[in-house]
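Visitor: Starting from the structure of chain A, add chain P where the hints point.
Line by line, the protein sequences are chains A and P.
The opening residue of the first sequence carries number 1 in my numbering; numbering runs sequentially from there.
The opening residue of the second sequence carries number 1 in my numbering; numbering runs sequentially from there.
Any given hint could be a false lead.
Per the computed footprint, the stretches of chain A lying under chain P, defined by three or more beta-carbons under 8 Å from a beta-carbon of chain P, are [unchecked claim]:
| # | region |
| --- | --- |
| 1 | 22-29 |
| 2 | 51-60 |
| 3 | 128-135 |
Heads up, incomplete: computed chain A residues facing chain P, CB under 10 Å, no partners named [as the list claims (entries may be wrong)]:
| # | residue |
| --- | --- |
| 4 | Leu32 |
| 5 | Val40 |
| 6 | Val48 |
| 7 | Ser138 |
In short, the hints are calculated from the structure, not lab data.
Quick reminder that beta carbons are idealized off the backbone N, C-alpha and C, glycines included.
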Amino acid sequence: MDWKTILERDGPVAWRAAYRLVGNAADADDCLQDAALAAVQLSRREPVGNWRALLTRLASARALDRLRQRYRSRIEPYVEDQVDPHEPGDTAQLDELRSQLRIALAHLSHDQAAAFSLCALEGWTYTDASEQLKTPASTVGVLVHRARQRLRELLQAVDPNSIPTRSLP
Amino acid sequence: MNTNHTPHDPLDTAEAALRELPAHITPSTTTLDRIAALAMNAEAQPMTTVSPTSTARGWRKLAALLLTAAALAVAIYGITQPTQTSFAFEDVITAVKKANTVSYTTVVTPKNGPVSQYKTYHKGTLSRMAHADGSYSVTDMAGQKMLMVQPTTKTANLTHLGNKPKGLPTMGDSIINWLKTAETTGKAVGEKTIDGVRTLGFEASFGAITMTIWSDPKTKLPVQIESTFGAAAEPIQMAMREFVFNAPLEDTLFSTEPPAGYQLKETKQPTVDYEALAKLTPEEHVIRILKFYAALFDGAFPERIDGPELIAKITSGAGAKKIEDPEFMKEFTTLAGSMGATWTFRQTLNKFGYLGTAKLNDKDSIVFWYLPKDADKYRVVYADLTTGDVAEEKLPTIPVK
Numbered sequence: 001m002d003w004k005t006i007l008e009r010d011g012p013v014a015w016r017a018a019y020r021l022v023g024n025a026a027d028a029d030d031c032l033q034d035a036a037l038a039a040v041q042l043s044r045r046e047p048v049g050n051w052r053a054l055l056t057r058l059a060s061a062r063a064l065d066r067l068r069q070r071y072r073s074r075i076e077p078y079v080e081d082q083v084d085p086h087e088p089g090d091t092a093q094l095d096e097l098r099s100q101l102r103i104a105l106a107h108l109s110h111d112q113a114a115a116f117s118l119c120a121l122e123g124w125t126y127t128d129a130s131e132q133l134k135t136p137a138s139t140v141g142v143l144v145h146r147a148r149q150r151l152r153e154l155l156q157a158v159d160p161n162s163i164p165t166r167s168l169p
Numbered sequence: 001m002n003t004n005h006t007p008h009d010p011l012d013t014a015e016a017a018l019r020e021l022p023a024h025i026t027p028s029t030t031t032l033d034r035i036a037a038l039a040m041n042a043e044a045q046p047m048t049t050v051s052p053t054s055t056a057r058g059w060r061k062l063a064a065l066l067l068t069a070a071a072l073a074v075a076i077y078g079i080t081q082p083t084q085t086s087f088a089f090e091d092v093i094t095a096v097k098k099a100n101t102v103s104y105t106t107v108v109t110p111k112n113g114p115v116s117q118y119k120t121y122h123k124g125t126l127s128r129m130a131h132a133d134g135s136y137s138v139t140d141m142a143g144q145k146m147l148m149v150q151p152t153t154k155t156a157n158l159t160h161l162g163n164k165p166k167g168l169p170t171m172g173d174s175i176i177n178w179l180k181t182a183e184t185t186g187k188a189v190g191e192k193t194i195d196g197v198r199t200l201g202f203e204a205s206f207g208a209i210t211m212t213i214w215s216d217p218k219t220k221l222p223v224q225i226e227s228t229f230g231a232a233a234e235p236i237q238m239a240m241r242e243f244v245f246n247a248p249l250e251d252t253l254f255s256t257e258p259p260a261g262y263q264l265k266e267t268k269q270p271t272v273d274y275e276a277l278a279k280l281t282p283e284e285h286v287i288r289i290l291k292f293y294a295a296l297f298d299g300a301f302p303e304r305i306d307g308p309e310l311i312a313k314i315t316s317g318a319g320a321k322k323i324e325d326p327e328f329m330k331e332f333t334t335l336a337g338s339m340g341a342t343w344t345f346r347q348t349l350n351k352f353g354y355l356g357t358a359k360l361n362d363k364d365s366i367v368f369w370y371l372p373k374d375a376d377k378y379r380v381v382y383a384d385l386t387t388g389d390v391a392e393e394k395l396p397t398i399p400v401k
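Excised from the complex, chain A in its bound form (with noise of 0.2 Å):
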């Protein structure tokens, strides 16, 4: 298998993907290095049609485990990148949300969860996402609905006058 070309080709989006969950490039690195192990043993069990997806699959997975690790021990303060240093304002409030919604993934269930971050974060479409988590497309839909519920009681406490009404750029 050529590795270098395939993680060259897909690695970042699944790179990003597994980014947006933890927050910091450290933690990002290990998930992709982790997901890249993991599909290494299930490309010796069955043929592998779309490395991207599969890799992004594999790195969100580990990315949420990350999280629910996390904010589960809470061994130690945790440290994320800033996104966007040039934008102190509206960087402070985003990295607050950004922070309150990671911490209401961690508190999804698994299935949730992986399905709200293929779908919602990651622009998938059910179908997509039906393939790689081998669950029926409606499944999924029923998963990103549910999840989406659970995550709104989860941020409920965070007052919308707070939050800028635009994203970064």
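Guide: Below, chain P without anything else, positioned relative to chain A:
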């Protein structure tokens, strides 16, 4: 994609904030090349001997060093790679299983309490735990007895142990016994130098406790084991260190005879019908725990339904008088079986939750839930200790702390 939203919906804004990452947030070429090399290396290995790797952070440091010696980078990488990946958690388990004796020091550091320290010795089915104040206990699992000696009062207590579940280590068993029975595959967490020894770490979960085992690549034996457990607000950190394996240990260390001149008291631990306990459902175990606890604490439920802190809470709540009551102790010991069962089934349930904020007889409050295999509804226990089946959306939300 999301049509069910309101203006300034925090979720929509948060989603957008996460989704729309600036384009410059990308992995470095070095990272991608390194991971590609790792993948190629893993692919080249036989399927049954997939080995863990160092963490990416460790490799980032290594990569920085390699870049300073660019001409040697490829050669050094090729040489160092095999030694980094030739060591797996299974090797640690195997090495521990082969050990005849082991001694180590345990340091327990609660967030809001005094540090305690004790030394443990193991030899076959014998163990000794010695505390800094001179008190010690010796347990003979084959002989089913435990001697506790307290020099300050010159007293000794010999307990004739009851039965224990067959083949399963209990929560009271030592970490070493847990390691010996571990079937988990530890996740590599990188390197750490401890007392001048370069060690590799593996993270492994045993029930509700996650431990990091730092081992010497030469012997594969643990050099230090670290764990954090207890409530999130008041975590307890535990570290086992100063391991010595296979050193001769005198039999006198494990004598269950009380020292001369000590007042001896003998007690008999009740026998528990573990076969009957094994037939109970998870919710029946939980109901037993909740009922017992609520009776002691004015209808309140515990923060957790397993773990050593629950036993400690019940012991302190019951008070010395009840602890000496044989009937209470029999019930408590049987309850410990349910706690052990709860501990065990947590390992097999993916979808499981507990929220002990309600009080006994709060009729509609769900306290405990889990999804049985192949079921589409959750089994739940309400605060009035009745049970039911509910859909996932009816489950309580565990507050984000």
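Visitor: Does each hint hold? Answer for all of them.
Guide: We went through each hint and held it up to the structure:
Beta-carbon proximity to chain P at under 8 Å applies to 4 residues in the region 22-29 of chain A; the threshold of 3 is reached and the given coverage holds. Evaluation of the coverage hint for the region 51-60 of chain A: breached, as 0 residues show C-beta separations to chain P shorter than 8 Å, against a requirement of three. Proximity of the region 128-135 of chain A to chain P, defined as three or more residues with a beta carbon under 8 Å from a beta carbon of that chain, is not established by the 0 residues found. With a cut of 10 Å, the hint placing A:Leu32 at the interface with chain P holds, because the nearest CB-to-CB distance is about 6 Å.
Against a cut-off of 10 Å between C-beta atoms, the interface hint on A:Val40 holds, since the closest Cβ of chain P lies about 5 Å away. Proximity of A:Val48 to chain P is violated relative to the hint, the smallest CB-CB distance being about 12 Å (cut-off 10 Å). Against a cut-off of 10 Å between C-beta atoms, the interface hint on A:Ser138 is violated, since the closest Cβ of chain P lies about 14 Å away.
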